[in-house]
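Starting from the known structure of chain R, arrange chain X on it as the hints suggest.
There are 2 protein chains.
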Amino acid sequence: MDRRQKQLQTLIPRLGLPTDTEVNWELLDIALTHPTMGTPNYEQLEFIGDSVVRLAASEFLWEVYPQSSVGDFSAVRKILVSDRVLAQLSDSYGFDRYLVLSPSAAGDASGKISRLADAFEATLGALYLSRGNLSLIRPWLDPHFQRLATEILKDPARLNYKDALQEITQARHKSLPEYRVQEITDRADPEERFVAEVWVQGQSWGRGTGQSKKAAQQAAAKVAFFELY
Amino acid sequence: MDRRQKQLQTLIPRLGLPTDTEVNWELLDIALTHPTMGTPNYEQLEFIGDSVVRLAASEFLWEVYPQSSVGDFSAVRKILVSDRVLAQLSDSYGFDRYLVLSPSAAGDASGKISRLADAFEATLGALYLSRGNLSLIRPWLDPHFQRLATEILKDPARLNYKDALQEITQARHKSLPEYRVQEITDRADPEERFVAEVWVQGQSWGRGTGQSKKAAQQAAAKVAFFELY
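Keeping their order, the protein sequence lines are chains R and X.
Okay, so the first sequence: first residue is 1 according to my numbering, each after it adds one.
Okay, so the second sequence: first residue is 1 according to my numbering, each after it adds one.
Treat the hints as calculated values from the structure; they're not laboratory data.
Treat the hints with care, since some could be wrong.
No distinction is drawn between identical chains; accordingly, a pair holds when it is met within one copy or between any pair of copies.
Simulated crosslink set (SDA-like; lysine to any residue; CA at most 25 Å straight-line) [said to hold, decoys possible]: (1) K162 <-> Q211; (2) K112 <-> S69; (3) K112 <-> V70; (4) K78 <-> P40; (5) K154 <-> E43; (6) K6 <-> D91; (7) K78 <-> E43; (8) K112 <-> G71; (9) K78 <-> T209.
Isolated chain R, as found in the complex (with noise of 0.2 Å):
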């Protein structure tokens, strides 16, 4: 264990805490252990650090954004939360370094996304358990977070959602969504005169009505995004 401790040691700079930091060492190289080396490895951890790193983001929005609606707080939880943002997370602090898995795990290039998110969810496992609280978390991990915040709370307009589900949609089921837009001419409120319905998969994921055809389907396509991302 003293080498790989050693390997360990030079995690915690990395992540921004002080060098001298004294972290659970036995949990964390479970952490950083995959399950194709057998027995212990990170799947407990995972299931911890799934909590740990949800409940960090609850209250670094409550903090930060008092005023915020909770339909918001879900949202943004929702993204921060996210495989994909996890695993960005643990790429750019190079956990893939850290951690110890098969040479057929190693060489599955499809399975790396999950794998660096799961390295990562369960090393915030292991700091949570540490401590017992988010001491060893929020300090690096909230920086990371208001950036992430910050760009999705920003002016829905400038975020193109149409463009963003359409990525998603074909990533994940090479398909493109589908829009039915009805238009509804005796409407009092033009933000209403558009419905758009948008269909992923033969399934309707949103509903959003605008004053212009377009912007209803930016706003249904907000919905689905939401929901798939």
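The following block gives chain X in isolation, referenced to the frame of chain R:
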């Protein structure tokens, strides 16, 4: 707030915590204020509490059942944090007596279960934020988790999943589950002689195998039960 604080203080020993426990009374007051009373109300704290109870359940399972699979962890956690369980706990502690709500909401009997669960989660959020850890939560919540987990994890044969599933589908859809069973006579493993699939509302929810038709149905019902619980 003084009178309200005095009332809220009586909740603490009810939970089994020492009478002189200091909590953030302002947050606890908000946690027990229904949205019909305007803002602030329990919605944001419920958002935090939802993550808190999930983490408490995860940590509990990891500590008490270190040998369990992550699949079992997930199945049990799903039940421990379900609205049904949280509402039962909330009710058993008399949370409704502490909840401030408008007369119209108080008269809404159908909303009682979600109201009880919401206020319970929000209270967990307030207790967590009072300390930044689970020290005001696990001491009194763990025995409930223990009782429920023991019940859920005990010999599955003793829990009749077909009955339990039927109860759910009748309550929610006023319909009964439908089982489609196939006998496969050339199987080497007698445990796979019968294959059952359970359908609810035109959708297949679970598949199971067994030595008898009944065992296969129970196995399928178990899968569907954990999906639909």
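Results for each hint:
Taking the shortest Cα distances, K162 and Q211 sit within 25 Å of each other inside one copy (17 Å), while across copies they are farther apart (51 Å). Taking the shortest Cα distances, K112 and S69 sit within 25 Å of each other only across copies (23 Å), while inside one copy they are farther apart (35 Å). When the C-alpha separation of K112 and V70 is checked against a cutoff of 25 Å, the pair qualifies only between copies, where the shortest distance is 21 Å, while the shortest distance within a copy is 33 Å. In this assembly of identical chains, the alpha carbons of K78 and P40 lie at most 25 Å apart only when taken from different copies (24 Å versus 29 Å within one copy).
When the C-alpha separation of K154 and E43 is checked against a cutoff of 25 Å, the pair qualifies only between copies, where the shortest distance is 23 Å, while the shortest distance within a copy is 36 Å. For a Cα distance limit of 25 Å, the shortest separation of K6 from D91 inside one copy, 21 Å, qualifies, whereas the shortest one across copies, 51 Å, does not. In this assembly of identical chains, the alpha carbons of K78 and E43 lie at most 25 Å apart whether taken from the same copy (21 Å) or from different copies (17 Å). Within a single copy, K112 and G71 get their C-alpha atoms only as close as 32 Å, which misses the 25 Å cut-off; across copies the closest is 22 Å, which meets it.
Proximity of K78 to T209 under the C-alpha cut-off of 25 Å is restricted to the intra-copy arrangement: shortest distance 23 Å within a copy versus 36 Å between copies.
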